[in-house]
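So you can see what is in the structure, the chains are spelled out below.
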Amino acid sequence: MLEEQMDILLGILYTILGNDYWWGPWIRGVIGLCAMGGIMVAAMFAVWLERKYASDIQSRIGPNRVGGKYGLLQLIADAIKLFTKEDIKPDKVDGPVWAGAPILMFGSALLMIIAIPFGAFIFNGVTYPLAVTQFDISILYLEAVSAIGIIGIFMAGWGSNNKFSVIAAFRNIARMIGYEVALGLTIVSVVIVTGSLNIVDIVEAQGSVIWFAFVMPLGFVIFGVSLIADMGRVPFDQNEAEEELIAGWGTEYSGMRFGLAYFAEYIHMVLGSCIAVLIFLGGWNMPGFLVDLHIPLIGLLPAGIFLAKWVLVMMFVIMIRWALPRIRIDQVTSIGWKVLFPLAMVNLVWAAMIGLVWPW
Amino acid sequence: MVNKHDVKKRMRQLAAEYIHEPQQEAYKLDDTEMMLHIGPQNPIQPGPFLIDLKISGETVRDSKLYMGYGHKGIEKILESMTYIQGLPVTDRICYLASLSNNEAYVSSVERLLDIEPPERSQYIRVIMQELSRIQSHLLGTGEYATDLGFVTMFLFMIREREYVLGLIEDITGARITHCFPRFGGVREDLPDGWREKAIDVLSMINEKCEMYKELFSSDRTYRMRTVDIGTLTKEDVIKAGLTGPALRATGIDYDVRKVYPTLTYPDIDFKVQTAKKGDIFNRVMVRINEIQESCWIIEQALDQMKPGPLFPDELPYGRRTPSMRVPPGEAYVPVEDPRGEMAMYIVSDGTDKPYRVKIRGPAFALMQGLPPMLENVYIADVPAIAASMDSCNSEVDR
Amino acid sequence: MVLKNFEEMIKNTFRPSVTRLCPEVPTEVSDRYRGMHKLDRDKCIGCGICAGTCPTRAIRIVRYGRWFPMIDFGHCMFCGLCVDQCPNDALTMTKEYTEAISPDRYALIYGPAQLMGEED
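As you go down the protein sequences, you meet chains A, B and C in turn. Be aware that the first sequence starts at 38, since it is given in our numbering, and climbs by one per residue. Be aware that the second sequence starts at 881, since it is given in our numbering, and climbs by one per residue. Be aware that the third sequence starts at -16, since it is given in our numbering, and climbs by one per residue.
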């Protein structure tokens, strides 16, 4: 009975979404747009979470007027404010470069959506990951696309024709060159253990035994530090340090141009946390010893587990921002090259040894 | 008295020698250098001043300091007000340390008038000075923490400062510009029940200072930014004329409360806080230690105080004493401001308004001490060094 | 290393917040707070000492039957010297401070009737 109903359901789904009729690709496009909208809502949630959690750390109340007692719609009020500001274009900026920078940052953050599975739908023992597409080199694609945003920041810094922005742009490049290496090496070590570049396979590999964070703790710490440096948050936010550089690369931006760049940073934070959850924290799986207890993972429970882990990772990232002072740029690069890079190599050797014994 | 014609001749000479800025030696740039203006308007500054930095890459090669954007002419204003009317004006020289400014003014005028406040008033003035020191150090260290990127520390210190401001408001009636001491005494006595409340608040601040010291000294990212940066040697501080925590952090134990003791400081037992090396880390530690020492001083003063009159017998009207004719003479009584040695040199000519009031503010020397420290540091160190000196722009430019 | 910071921050999230809910809940000020002035009709003798002492010259003495002070709260800096110098303690300072804000600067000039509380 159940298999027949499942077959009818799958038949309907293939008719709607498949390529047999003309409406297939269009409906897939609409679903992609909904995914993009969902990410925007998630980024709004991230901003709200940051403001509320930061105020909890600092013994104060965060936004509490717009949208009820907890200020849930505060970001909509801020967005309306940014839309209605005057669009000032300074005279001597380099036109296309200056105007294209926020668009590039926003676009590169959105490109990451298509490969990340936001949870899964498990029915009858088969896992259907909730991703827009699923292809074999997804983790490599994600890391490559997340690095395009740096070009956007450099364009903003250079095109603004402003001493402060240029210094900020140089600092950015120095930071990114240092930390992409360590990030890549830890991802490679995870791939070695799993044996596949497909992100769904990495999650499935963790589901069978135990999360990679417990197996490779050194790799997890390195990945965490490099991810925070990649996202450009304190203690690594020299590019927008307010003390000496007014607003860094964002000095000449106001109104919705600034809003796009600011939003892009938060989308990057959301998606970076998703990647951290998927690669190291088991994605939508419970740990291996719970699977042995035969708790059935049915329906949308995996997606709920993914969401809970994601919120915890984001809260940790936010707490680091408010707990530590900023590091100076020469210390940033020296940490990246002198400390993280050798440790990442050590982790690679360790992962190779684990990969020989991993039951996959 | 100075000859007017000599002054004019000297000014003409200086004007002829002045080289316009772009041709000055310090402003000539190589191919690798860039001029950065941390300018009069900047989000981090407490007030407007200008530092021109010549940077090459990220290292500072040379720097030049311009002050005076906030000049209000306070010394000239004080010449046209009577002595009692000038008291609220001295509040506003530096609004953070306004009780110390009041104290410097009132002590100098009392020395000209040759009266001495009775013992209870002296103890109350000592308590107010130390409370003012606590709240000024809390805010100064908090602002310094924001310049490092450590915003949460600022909010913690502001939270404690609110309790101290509540204590001060219970006595004086205002939070920042107090106008509290009077010539010969203080405006009002301590209210009932203040003593128990103060002891609670002070013990809480003592605990929190321990927490701050641990947070600052155990954090490795913080130590990377502050240890061995912005070091001042003993010769540098004496040449620049610095006083206060910046001087004591290098090891010289000069504290006006011990060297020129006024009020009842000789009866109170306290230690001068020093450190061995004058870098940013030690300056901030000296300030936090001073907060704890001030809590101890206030507790001793509260124990030693006895009931008594607030004004001496030769002033029968107490705080209602009208504007008086002060006998001619000059007086200079230094006071330990939270930033250093503060004094007002008052010259009176027998009328009811002063002839000249010269304010010796400690913040001016703190700003002067900046350019020698900014040799071969990184740009990111400049705001950290400037904020750790804790200078107040409205006192520099009075 | 950095873990002490994290521990302290996480512990602080469980303590109550200390924000003053300003427009809804009025801020409590101390009993000696120097707010706007109040005049006692029976005690004031119209001597003018308060006007002479004011550093910003915000007080003027005008006729309202007898001679009484008129205070301009736009210029007043709430220093309290006029209250100190009054020989009969006719002028005192209340805890009221929200009325000293107005979009019209001439509405801030309080005549003797307003200071005595007889008229709005």
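For the record, the hints were derived by calculation from the structure and aren't laboratory data. One or more hints might be untrue.
Stated by the list, open to error - Heads up, simulated DMTMM-like pairs for lysine to aspartate or glutamate below, C-alpha to C-alpha not over 25 Å straight-line:
hint, chain 1, residue 1, chain 2, residue 2
1, C, K(-6), B, D1069
2, C, K26, C, D87
3, A, K200, A, D367
4, C, K(-13), B, D1069
5, C, K(-13), B, E1094
6, A, K106, C, E7
7, C, K(-6), B, D886
8, B, K944, B, E1087
9, B, K934, A, D367
10, C, K21, B, D1069
11, A, K89, B, D1080
12, C, K(-6), B, D1080
13, C, K26, B, E1040
Taking the hints in turn, this is what the structure says about them:
{"no.": "1", "hint": "C:K(-6) x B:D1069", "result": "violated (40 Å)"}
{"no.": "2", "hint": "C:K26 x C:D87", "result": "violated (31 Å)"}
{"no.": "3", "hint": "A:K200 x A:D367", "result": "holds (19 Å)"}
{"no.": "4", "hint": "C:K(-13) x B:D1069", "result": "violated (43 Å)"}
{"no.": "5", "hint": "C:K(-13) x B:E1094", "result": "holds (8 Å)"}
{"no.": "6", "hint": "A:K106 x C:E7", "result": "holds (14 Å)"}
{"no.": "7", "hint": "C:K(-6) x B:D886", "result": "violated (68 Å)"}
{"no.": "8", "hint": "B:K944 x B:E1087", "result": "violated (41 Å)"}
{"no.": "9", "hint": "B:K934 x A:D367", "result": "holds (19 Å)"}
{"no.": "10", "hint": "C:K21 x B:D1069", "result": "holds (22 Å)"}
{"no.": "11", "hint": "A:K89 x B:D1080", "result": "violated (31 Å)"}
{"no.": "12", "hint": "C:K(-6) x B:D1080", "result": "holds (22 Å)"}
{"no.": "13", "hint": "C:K26 x B:E1040", "result": "violated (42 Å)"}
Violated hints for the displayed structure, listed by number in ascending order: 1, 2, 4, 7, 8, 11, 13.
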